[in-house]
Amino acid sequence: MSSNDGDIVIRAEGLVKSFKGFRAVDGLDLTIERGMIYGFLGPNGCGKTTAMRMLTGLLTPTEGTVEVLGLSVPKDAETLKYKIGYMTQAFSLYGDLTVLENLNFMATIYGLPSKRKKQRIAEVMVRYELSELGDRFAGKMSGGQRQRLALATAVLHEPQLLFLDEPTSAVDPESRRHFWEQLFDLVDGGTSIVVTTHFMDEAERCHKIAIMEAGQKRADGAPKDLMAAMGANVVEIEGPNLREIRRRLLGTEGIITAAQLGARLRVLVRDDIADPEAFLKNKDETNGATLIEKVRPNLEDVFVTATGEGRQ
Amino acid sequence: MIRPLSRISAIFFKELSQLRRDRMTFGMVIMIPLIQLILFGYAINTNIRDIPVAVVDHSQTGLSRILIQMVEATRVVKVTERLTSIEEAETAIKAARVRAAFILPDDLSQRVARSPAANLGTPPSTDEETSRPVAQWIVDGSDTMIAGAIKSLRNMPLAELNRQAPNRSTPTFEVALFFNPEQRTAINIVPGLVGIILTMTMIMFTSAAIVRERERGNMEMLINTPVRPIELMIGKIIPYIFIGLLQTVIILGLGHLLFNVPFGDKIFDLFVGTLLFIGASLSLGLVLSTIAQSQLQATQMTVFVLLPSILLSGFMFPYEGMPVVAQYIAEAFPATHFMRMIRGFVLRDAGLLELHRDVLWMCGFFVLGMIVAAFRFKKRLD
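Chains W and X are the protein sequences, given in the same order.
Heads up: the first sequence begins at 1 in the working numbering, then just goes up one per residue.
Heads up: the second sequence begins at 1 in the working numbering, then just goes up one per residue.
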């Protein structure tokens with residue numbers, strides 16, 4: 001790794017992956033810096049898993065170049081495997097082996113010397129609360145326990161870079177919270193993390209995200225910056241007949257989208273309209289609204305403006 | 001050098017743990033050789049005896065009854081029906097109640113008197129009457145082994161009919177039977193059974209080995225580790241090598257106890273030969289496993305390979321009897337070479353040197369199989 005690249009863990013240019021003519025990833029450029037959690041946010045089928053698989057060398061790019069930790073992928077993929085950890089979307093450890101056997105298997109596969117192996121297994125078992133579960137079969141554990149085991153095996157060999165493919169889709173909110181705390185501990189210890197997700201709250205925890213749609217990157221940056229530069233203002237409307245108001249508003253000039261959240265209608269107004277509150281109040285379509293107020297945008301708003309019909 | 005060994009051992013211990021918990025498979029490892037040895041050891045017999053036959057006796061004389069008793073005394077056939085007409089006999093054969101019918105004509109006494117087989121001292125004549133056989137067999141010839149057994153009665157001596165000592169004619173050739181003078185079928189079957197059972201279990205176990213990882217969803221994790229394809233292949237077959245050796249010990253040990261089949265003096269050669277065959281069969285299974293997309297497909301492919309490799313191996317039907325093309329096909333299967341090898345080691349006291357062609361071929365098959373399997377196994381998803 002050359003010295004001026006010291007802070008870049010992943011650099012990808014013009015990445016394309018075609019499956020029989022279908023472009024699952026279509027011209028992706030990425031620069032991911034060391035020591036952060038980088039998230040791919042997007043719906044199912046947007047190409048985020050395919051992109052991640054190209055970064056780890058599991059898939060050969062149809063076009064484009066990838067450099068991970070200074071190694072060219074897929075050419076040096078086998079060398080890279082010692083330096084990265086990978087947590088698959090579906091649980092992929094052995095269900096008919098115990099927690100300890102699974103850990104032992106992975107530690108041996110990565111060639112940890114026996115003393116180091118014992119030490120590392122003991123460490124991760126404590127850190128990921130597996131000490132009581134050593135003799136349990138992995139296939140008989142709960143979603144949260146399996147996820148902790150999967151993370152423990154992925155970091156056994158102390159990778160510099162960790163790839164997590166939708167790591168929390170099978171666990172409860174409590175486990176998810178806890179899991180993210182553990183990810184920040186890893187980052188604190190110097191690990192860089194790339195994660196895919198379709199949860200907004202999860203994406204919001206990332207240092208930086210890329211919003212993906214149809215194989216392309218629609219936006220990227222820190223969630224806060226993305227919200228600031230969204231190109232839309234968010235206005236919430238309260239009142240009776242919200243469904244009716246929504247129907248009337250959709251498709252009118254200046255309105256990007258409108259979606260109901262409980263007793264409120266959340267409307268995205270294009271930011272070339274100077275005073276969105278007044279703009280909406282003056283519209284006939286909002287007759288009957290009891291409250292119209294501008295609110296702080298969230299990541300879902302960013303996602304909606306960046307993708308789908310909201311995309312400018 | 002440490003890392004490849006460590007990775008192979010990781011795969012090996014993982015397979016061992018999984019195998020240990022798979023009670024069904026583990027049971028099969030022991031039960032397949034045990035049951036099949038006992039079953040086939042007793043059941044398969046090429047010395048055919050007591051074939052059920054019908055008798056149609058048009059002569060109804062003391063002579064005809066003695067002739068029937070003489071035929072029964074050979075133990076080749078057993079009279080189960082007495083019928084009155086040839087039509088009835090044909091019906092009985094068609095209905096498979098009997099496999100043959102023995103037809104004694106009404107002029108039996110005259111025919112016997114003129115028959116040279118009766119040894120009555122009548123000078124051989126060119127007279128047509130004299131050369132006529134004394135009775136007729138009609139046989140269900142569809143099974144060549146049954147037909148052959150009854151054909152062996154064709155030249156039965158008839159001297160005893162006249163209370164004479166059987167004539168002591170000198171045979172044209174003397175035949176000395178080496179290695180199995182008592183002509184016991186088990187001697188040939190039991191060593192061959194080692195080949196059959198190893199072919200079956202070894203290919204079956206490994207044909208599922210790789211595709212199972214895929215089907216159970218472990219593949220994505222596995223190919224993300226630094227393990228190399230050849231290390232994965234080697235680690236996966238080692239447990240089965242021990243299983244194969246265990247099965248060989250069960251079959252040959254039990255064969256010795258129950259059927260008195262010798263071990264031969266070439267224990268080392270036997271060990272090496274068996275090891276090579278196990279390796280060749282396992283590598284064949286691995287290749288199948290890299291082709292199959294599911295465990296069901298793997299099983300189907302195993303059956304597809306299994307049948308020809310057993311039927312052409314020479315286990316039941318002599319290799320020499322096959323047409324040349326079939327012999328070439330048979331040569332491709334490790335089972336054919338092993339059948340030759342193990343019968344050589346156990347029965348003929350042959351060694352690896354005498355059978356070096358089979359040994360070399362087996363080595364080549366093993367190495368090629370491993371390379372092909374490793375080459376076909378891609379650490380990529382596309």
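Simulated from the structure, these hints should not be mistaken for laboratory data.
Just so you know, these numbers come straight off a predicted model, no measurement behind them.
C-beta atoms are modelled at their ideal positions from N, C-alpha and C, and glycine is treated no differently.
Among the clues, some could well be false.
As the list claims (entries may be wrong) - Derived list of chain W stretches under chain X, where covered just means 3 residues or more per stretch with a C-beta under 8 Å from a C-beta of chain X:
hint, stretch
1, 51-59
2, 169-183
Claimed, not checked - Coverage of chain W stretches by chain X, computed from C-beta distances (three or more under 8 Å per stretch; other residues unrestricted):
hint, stretch
3, 69-82
4, 85-96
Cross-check of the supplied hints:
{"no.": "1", "hint": "51-59", "in the structure": "holds (count 5)"}
{"no.": "2", "hint": "169-183", "in the structure": "violated (count 0)"}
{"no.": "3", "hint": "69-82", "in the structure": "holds (count 5)"}
{"no.": "4", "hint": "85-96", "in the structure": "holds (count 9)"}
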